[in-house]
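Kindly produce the complete structure, drawing on both the sequences and the hints.
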Amino acid sequence: MSVDPSAARGDEILAGPRAAASPFSIGAPGRAAREVPAGPPGAPSGHADVELSAATWAGVLIRGATCRGLHHRALGEPRQDAFAIGHRSCPEGGDWVIAAVCDGVGSLRQSDAAATLASRRLVDLAAAGKPWPEGFAHVNEEIRAAAEEVLRGRGGAEPGAGMATTAVAARVRREEGDWVGEVAWIGDSTLWHLDAGSRWTLISGLDCGDDGDDEYSWSRVRPMPSADGTCASREFRLAGGALFLMTDGVANPLRWSDDVQAALAGWWAAPPDPFTFAAQVAFARRTHIDDRTVVGLWPDKGDLE
Amino acid sequence: MSEERVRERSEVEPGQIVMPFYLVCDVSYSMYGDMPTLNDSVQRLRRAIVGEPIVDDVAQICIISFSDSAKVMMPLGQMSEQAVPALSVEGGTNYGEAFRLLAQTITADTATLKSQGYKVYRPCAFFLSDGEPLDHDWHQTFTGTLTYDRASGHGMKGHPIFVPFGFRDAPEAVLRQLAYPPEKGKWYKARTATVEQALNGIIDIIMKTVITSSMTVPGGKPAVVQQQPAPGSGIVQGDSEYDPDWA
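As they're listed, the protein sequences go chains U and P.
Position one of the first sequence corresponds to residue 1 (this note's numbering), numbered consecutively onward.
Position one of the second sequence corresponds to residue 1001 (this note's numbering), numbered consecutively onward.
Hints are computed from structural coordinates only; laboratory data are not their basis.
Bear in mind that the values here come from a model prediction, so they are computed numbers and not experimental data.
Beta carbons: idealized from backbone N, C-alpha and C, even for Gly.
Listed next, the stretches of chain U that the computed footprint assigns to chain P, with coverage defined by at least 3 CB atoms under 8 Å from CB atoms of chain P:
1) 21-33
2) 67-79
3) 250-257
4) 287-294
See below:
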């Protein structure tokens, strides 16, 4: 997808002090962004609406942000997306950035825990040297065990008890100005490359069926825990630009709209400060009110940035 | 910041999600004394949707009336951007006219929305009638216009989820045939003392169905979630018994 970043629209939204939407919007923000109030403190306690991280490692500048969507806010439910960032140094293989982004399945009440667990464990296992297929299989069993524990416990009697999550994870390093790495995924969380010409390219596959049956749209995602714990994966070498792991809360409007491609290409041609990045990840757009999570990787140009 | 900057843009923005709902209302002679109640009920439905910004963003509503003929009273659109017209009583009870117009309208609306880049989910049609159909071939017309035979590929592939509501003289045997598709269709019949009670209960079910269904869209598993009648409402619900060969 090639876009013109000059077409980016980043209007501020006029929302009252009781609302909690991002001040950024792409296109019409929708009534939800302007009118849904922040609402009461949500359960579980300590589960923040927004988490963000900034880091640099081995020539890579990293921004990560996960934001509770207006949909969960309106229902009084917690954010079910999560991300994790780590690194690995090996004498023979160089220095790697490792990142994972997960999207808990909304119909299961404990999926926020699944997303948090999966993102952290995938990164930990990769940092310890596990290849992605082994790491995904391992985490698949850990989530299965956690889900079974929920169902055995008090939560099992509640409607919708259980947990599941999608995941995309990548290990990446800089090599002669290129991005070199391997991405693995299950479900519809994805890795994208934004090149110097403002073109967005999907690097991972899209393990879902959301383009419908020629009549209407629908959505079907294969999350984990799955029966066999397998993931899809591919190696890549990409010239220039930046990489973005993201959940479908961002990837869907990106795939479906030239305006969104242009706006995000304009905003993320260079790394924003981490706080601005989080607000941009949560951009308002009518009917797109799911949780949003992005980990962005840019070349670290040092103090010249 | 000026109001101008924050006003909703009216132009189409590709990738936006739409869940369409069609409200098909019987305005035949037998509804003569009940039109104020019906109109009040529809206004109450409007207020409920407009009061939920997430629902109002996602749901688009169309109102069709029918008697001897059928007409689109309010075209498909966002409820907060339209005034709901007053429905008035007309002629007899011809179901077939409603079925034909509903099928045509859904087909045209879906094509328009998709050509504009919207992501459109399968529509839901709420059909309200107080009487028996006067057209004897109503079942044949229903099967020919609003159903789809997956095996042969014949019929309306983009059929709606059709939810019939009956009160007063609407026969249950007819309602059972109209709930579609068979694997998930539900019918409702009000056995209340008054039409006012019936319409209030029916609109409550429609309101909850629109709100609950629209709230499934952002979570990634869009579905029409047909609601149970409230306890004590006098409304009964049943599963579809649609049979293409029913006579």
